Amino acid sequence: MSKETNKEMNPVEPYLRMDRMPHIWCSGCGIGIVVNCFVRALQKSKVDINKLAVVSGIGCTGRIAGYFKVDSFHTTHGRPIPFATGLKTARPDMNVWVFSGEGDLVSIGGNHFIHAARRNADLKVICVNNFTYAMTGGQVGPTAPLHSIATTAPYGTYDQPFNLPFLAESSGAVYVARWTTFHVRQLVKSMQEIKNKPGFSFLEVIAPCPTIYQRRNRLGDGLAGMRYYKERSKVVNGADTRNVDIKLGGDIIVGKFIDRDRPTQLEAMDQELSHKLGDKYVPYPTGVER
Amino acid sequence: MVAAKVGSKGKNGTKKKGKFFGEVFIVRERCKGCGFCVEFCPTKVLALDEAMNEKGYHPPIIVNIEACNGCDLCGLYCPDFAIHGIRHRNKEVG
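Here the protein sequences come in this chain order: Y and V.
Under the numbering used here, the very last position in the first sequence is 290; numbers go up by exactly one each time.
Under the numbering used here, the very last position in the second sequence is 94; numbers go up by exactly one each time.
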């Protein structure tokens, strides 16, 4: 990566493969805002990008890995967390970030998600939630609010959606937060905190999807979505995650919900095996620089 | 690599009272006209241009650079990496 910084150059440019621009995201999509916030967080916390890996699955958000000019994996559908767990186990000194959509992470990859959280694998998981499978045309996603319209639910969704912070907390994540793409400063701050947090950190970002979700549900364009987040989101830090589910047209509770400490997967392995085996056990080389 | 940028310098002059002044850089060709930067600029520096870029979107233009304090919210909100702001300290104010 070239280190020269030209003030006319957008701050994200040194971190992205600009030859792939313009990106595929629609006008008014929120995923680019997540990329902006991530780059600002990297700059503020002075991350060594040679020790940074970005992993994502399939979907609109899954494209993030392809656009980042760092070590990045664009994995199969639903499998970013297994890839990232393997990467973290092989290279414990790396900062491993998972960026993916809600359909990829908690529907197709749902089992990987809960078990990585249960084991407390040292991953930083950013879930961009736009309430639908946008890239494949708008099927019902695992977080689609009740009564919302989708291509596979033309009269309205009747399945109970996932409440992602509650799912992450009950599975064992050590850091759980939710913000919308309107809360950019808070997103940067949360990503900086996640960077320094050992263990399974989960950040849900509510993002507008003007082309699929909002068009089918007559919620206006991307700007209307952002205005809605501005008006209807309520910051409740430390809220009980059982009460933060999202209803169609209702309030969105945002904030940092959980920040607790548990031994990570590799630390727990070291503790258990050195306790049982004593001097015969050689500790796992975890050289994490935080 | 990068197309010509529309830059405008804040005037480091006597009229300003703020501690900071800002510069805004726009890449017209990258813009997809979502309007986030215009809507969420706290000091209303930007407006949507009536002319279109080559993709047929209306990019933002700078209408009131005097008000800019370089907070870079436009850069954080732009999903297409087409705009960003830079903050400078106003030495006369300190």
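No lab work stands behind these hints, which were simulated from the structure alone.
Predicted, not measured: the structure shown is a model, and the values here were computed from it.
The beta carbon of each residue, even a glycine, is placed where N, CA and C say it ideally should be.
One or more hints might be untrue.
Unchecked claim - When the alpha-carbon atoms are kept at most 30 Å apart in a straight line, the in silico DSS-like pairs for lysine-lysine are as follows:
#	chain 1	residue 1	chain 2	residue 2
1	Y	Lys230	V	Lys19
2	V	Lys55	Y	Lys189
3	Y	Lys234	V	Lys44
4	Y	Lys197	Y	Lys44
5	Y	Lys7	V	Lys44
What the hints assert, rightly or not - Per the computed footprint, the stretches of chain V lying under chain Y, defined by three or more beta-carbons under 8 Å from a beta-carbon of chain Y, are:
#	region
6	42 to 50
7	61 to 70
Here is what the structure says about each hint:
1. Y/Lys230 to V/Lys19: The hint holds at about 28 Å.
2. V/Lys55 to Y/Lys189: It is violated: about 34 Å lies between the C-alpha atoms, which goes past 30 Å.
3. Y/Lys234 to V/Lys44: Measuring from Cα to Cα gives roughly 25 Å; hence the hint holds.
4. Y/Lys197 to Y/Lys44: 16 Å, holds
5. Y/Lys7 to V/Lys44: 22 Å, holds
6. 42 to 50: Violated, because only 0 residues of the region 42 to 50 of chain V bring their Cβ atoms closer than 8 Å to Cβ atoms of chain Y.
7. 61 to 70: It is violated: at least three residues are needed, and the region 61 to 70 of chain V offers just 0 whose Cβ sits closer than 8 Å to chain Y.
Going down the numbered hints, you'll see the structure goes against 2, 6, 7, while the others check out.
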